[in-house]
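Knowing the structure of chain A, use the given hints to seat chain B on it.
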Amino acid sequence: KQEVTQIPAALSVPEGENLVLNCSFTDSAIYNLQWFRQDPGKGLTSLLLIQSSQREQTSGRLNASLDKSSGRSTLYIAASQPGDSATYLCAVTNYGGATNKLIFGTGTLLAVQP
Amino acid sequence: NAGVTQTPKFRVLKTGQSMTLLCAQDMNHEYMYWYRQDPGMGLRLIHYSVGEGTTAKGEVPDGYNVSRLKKQNFLLGLESAAPSQTSVYFCASRSPTRGANYGYTFGSGTRLTVV
Chain A
29 KQEVTQIPAA LSVPEGENLV LNCSFTDSAI YNLQWFRQDP GKGLTSLLLI QSSQREQTSG
89 RLNASLDKSS GRSTLYIAAS QPGDSATYLC AVTNYGGATN KLIFGTGTLL AVQP
Chain B
11 NAGVTQTPKF RVLKTGQSMT LLCAQDMNHE YMYWYRQDPG MGLRLIHYSV GEGTTAKGEV
71 PDGYNVSRLK KQNFLLGLES AAPSQTSVYF CASRSPTRGA NYGYTFGSGT RLTVV
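Going down the list, the protein sequences come from chains A and B.
Per this note's numbering, residue 29 is the first one in the first sequence, and the count goes up by one each step.
Per this note's numbering, residue 11 is the first one in the second sequence, and the count goes up by one each step.
Here chain B stands alone, though its shape is the one from the complex:
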């Protein structure tokens, strides 16, 4: 099925460890986004990309890095995990042009716990 796939679905890290979250989409969307969701704070944008090889900071970028080496993949990296990064992370993609599938498509999320 077409859509956005996130791996892994769950992860527990120790403080200071690093990891990479992978997002893959097969809809040929130009734009991709990483959000985090925390209780009482809704979804907040971490980083986004408007095309292969481009990235930009969102609302809460500190402590994260991203890369978009291929159009279909958007990677989110945590170089030195902190307990404040315990959250549910969502990847999303969309087409830049108005059309039937103009809206955002979200992945199923990665639940990350940093202890």
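Excised from the complex, chain A in its bound form:
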């Protein structure tokens, strides 16, 4: 059974700092991995999607990497801003035929202090 773990559960950094969020998964046979952001009381916003054949994806100040063999992904945020404060969720889909369901980690709560 696929399990997704995110460390740390919470992180507080001063504005301007570069930071890394970690995600690990137990079954390396994933279809893809997606990073989401969730603001308090809001829905999920997709940040980056890495397909199984890719090693990384970049969007603005965000860079996500994927190492399937070790079961790890990292989300790198450069020059953090208070507006980056949110919960960041990692989710994977396994090969499952037509259903490829998302399996989520419990998230990392990020606070960027001004």
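Since the hints were made in silico from the structure, they are not lab data.
Just so it is clear, CB atoms sit at the ideal spot from N, CA and C, and this is done for glycine as well.
Where hints are given, some of them may not hold.
Restraint ranges, calculated between C-beta atoms of paired labels, are given here [claimed, not checked]:
id, chain 1, residue 1, chain 2, residue 2, range
1, A, P68, B, A92, 36 to 46 Å
2, A, N91, B, G87, 23 to 33 Å
3, B, G61, A, Q82, 24 to 34 Å
4, B, N38, A, D67, 22 to 32 Å
5, A, S97, B, T96, 36 to 46 Å
6, B, E89, A, Q30, 28 to 38 Å
Reference excerpt, derived from the structure (chain B facing chain A, CB under 10 Å, subset only) [unchecked claim]:
id, residue
7, E69
8, F116
9, S118
10, R121
Same frame as chain A, but now just chain B:
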């Protein structure tokens, strides 16, 4: 704007009451999903659908029913609400083929309280 729309956004029910949550997407996605999010437990899949007229059980289906009569709509029903169903419910959709929009798109959620 294209996306996934959930209604209602908030609801308070009494134990034993019934209700239906509506999810609508305008991206022509084949696959649709209902998740619930609870503190400390992350998001868990309730039911999903791989196309119009089809539904299947997810990880926590008990106490819920779903219907997919139209491709763009996925309904989640609670026949007799229980306090354990107090949660935030999210609908999501995605395309089955690899492409620019292959990832999941989520709605903004429905916050349900059962008293």
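Need the list of violated hint numbers for this structure, in ascending order. 1, 2
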